[in-house]
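Enquirer: Residues per chain are reported as follows:
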Amino acid sequence: NAGVMQNPRHLVRRRGQEARLRCSPMKGHSHVYWYRQLPEEGLKFMVYLQKENIIDESGMPKERFSAEFPKEGPSILRIQQVVRGDSAAYFCASSPGHWETQYFGPGTRLLVL
Amino acid sequence: ELKVEQNPLFLSMQEGKNYTIYCNYSTTSDRLYWYRQDPGKSLESLFVLLSNGAVKQEGRLMASLDTKARLSTLHITAAVHDLSATYFCAVVKETSGSRLTFGEGTQLTVNP
Numbered sequence: 181n182a183g184v185m186q187n188p189r190h191l192v193r194r195r196g197q198e199a200r201l202r203c204s205p206m207k208g209h210s211h212v213y214w215y216r217q218l219p220e221e222g223l224k225f226m227v228y229l230q231k232e233n234i235i236d237e238s239g240m241p242k243e244r245f246s247a248e249f250p251k252e253g254p255s256i257l258r259i260q261q262v263v264r265g266d267s268a269a270y271f272c273a274s275s276p277g278h279w280e281t282q283y284f285g286p287g288t289r290l291l292v293l
Numbered sequence: 002e003l004k005v006e007q008n009p010l011f012l013s014m015q016e017g018k019n020y021t022i023y024c025n026y027s028t029t030s031d032r033l034y035w036y037r038q039d040p041g042k043s044l045e046s047l048f049v050l051l052s053n054g055a056v057k058q059e060g061r062l063m064a065s066l067d068t069k070a071r072l073s074t075l076h077i078t079a080a081v082h083d084l085s086a087t088y089f090c091a092v093v094k095e096t097s098g099s100r101l102t103f104g105e106g107t108q109l110t111v112n113p
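If you read the sequences in order, they're chains H and X.
Heads up, the first sequence is in this note's numbering, so the first residue is 181 and it goes up one at a time.
Heads up, the second sequence is in this note's numbering, so the first residue is 2 and it goes up one at a time.
Hints listed in this document are in silico derivations from the structure and should not be mistaken for laboratory results.
Some hints here could point you the wrong way.
Claimed, not checked - Quick list of in silico lysine-lysine cross-link-like pairs, PhoX-like style, CA-CA up to 20 angstroms: (1) H:Lys207 with H:Lys231; (2) X:Lys57 with X:Lys69; (3) H:Lys251 with H:Lys231; (4) X:Lys4 with X:Lys69; (5) X:Lys4 with H:Lys224; (6) X:Lys94 with H:Lys224; (7) X:Lys94 with X:Lys4; (8) X:Lys42 with H:Lys224; (9) H:Lys207 with H:Lys251.
Please read these numbers as outputs of a predicted model, since none were measured by experiment.
Let's have the full structure, built from the sequences with the hints guiding it.
Expert: Written as structure tokens, this is what we have:
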């Protein structure tokens, strides 16, 4: 039973480019969460999605960031016009339902040059 | 706003010794989790604590929860090098949906 999958594991972008991060939840999980971890810091919640719905995006910056979880395929976190401050590890987690333990993927480490 | 604080943030200890990591949170919460993170890796779920007085143990780690004091502890018994990692506590509050609010993490180094 594969765990939460994220790709790419490492992503390098130049300022102004777009970054697309993908997350496939564990089998049977329909709830996806995205967190960001800045160097030497804890994780900060960004967005919570169920299939085709954004449930809570209160932690996501209003500009340049968007997330989706389509009916088919992985969840995507999209960052437009990246800046150096976007450099971080982005973790996706999934759970089988609301209010249940979240299982984390290996993360995507984004470096903006 | 829910805040979660851990201490210490850095802990260097000798193998065989005991120590405790503390996790305080600012408002009532409904669940508390402990996670482990190895350098460059993802987070591994260790414990979930649901109610006041809950205690869970796995190997050399034991976690407890005091909801009245808004405090959880992670106790390490007879530390071994393999326990070196960063440990995070995270809290969920039902009125905040399912999102986890994390502490800053405690970076534990166990020296031979």
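Enquirer: Next, verify each hint and record whether it holds.
Expert: Verification of the supplied hints:
1. This hinted pair checks out: lysine 207 of chain H and lysine 231 of chain H have alpha carbons roughly 13 angstroms apart, not beyond 20 angstroms.
2. Taking the CA atoms of lysine 57 of chain X and lysine 69 of chain X, the gap is near 18 angstroms; set against the 20 angstroms cutoff, the hint holds.
3. Pair hint lysine 251 of chain H plus lysine 231 of chain H holds up; C-alpha atoms about 6 angstroms apart against a cutoff of 20 angstroms.
4. With a C-alpha separation of about 16 angstroms, the suggested pair lysine 4 of chain X and lysine 69 of chain X falls inside the 20 angstroms cut-off, and the hint holds.
5. Only pairs whose Cα atoms come within 20 angstroms are accepted, and lysine 4 of chain X paired with lysine 224 of chain H is accepted, the gap being roughly 12 angstroms.
6. Only pairs whose Cα atoms come within 20 angstroms are accepted, and lysine 94 of chain X paired with lysine 224 of chain H is accepted, the gap being roughly 15 angstroms.
7. Proximity of lysine 94 of chain X to lysine 4 of chain X is assessed by CA-CA distance (about 11 angstroms); at most 20 angstroms being required, the pair is judged to hold.
8. In summary, the hint linking lysine 42 of chain X to lysine 224 of chain H is supported, as the alpha carbons are separated by about 16 angstroms, within the 20 angstroms threshold.
9. Straight-line distance between C-alpha atoms of lysine 207 of chain H and lysine 251 of chain H comes to about 14 angstroms, which keeps the hinted pair within the 20 angstroms bound.
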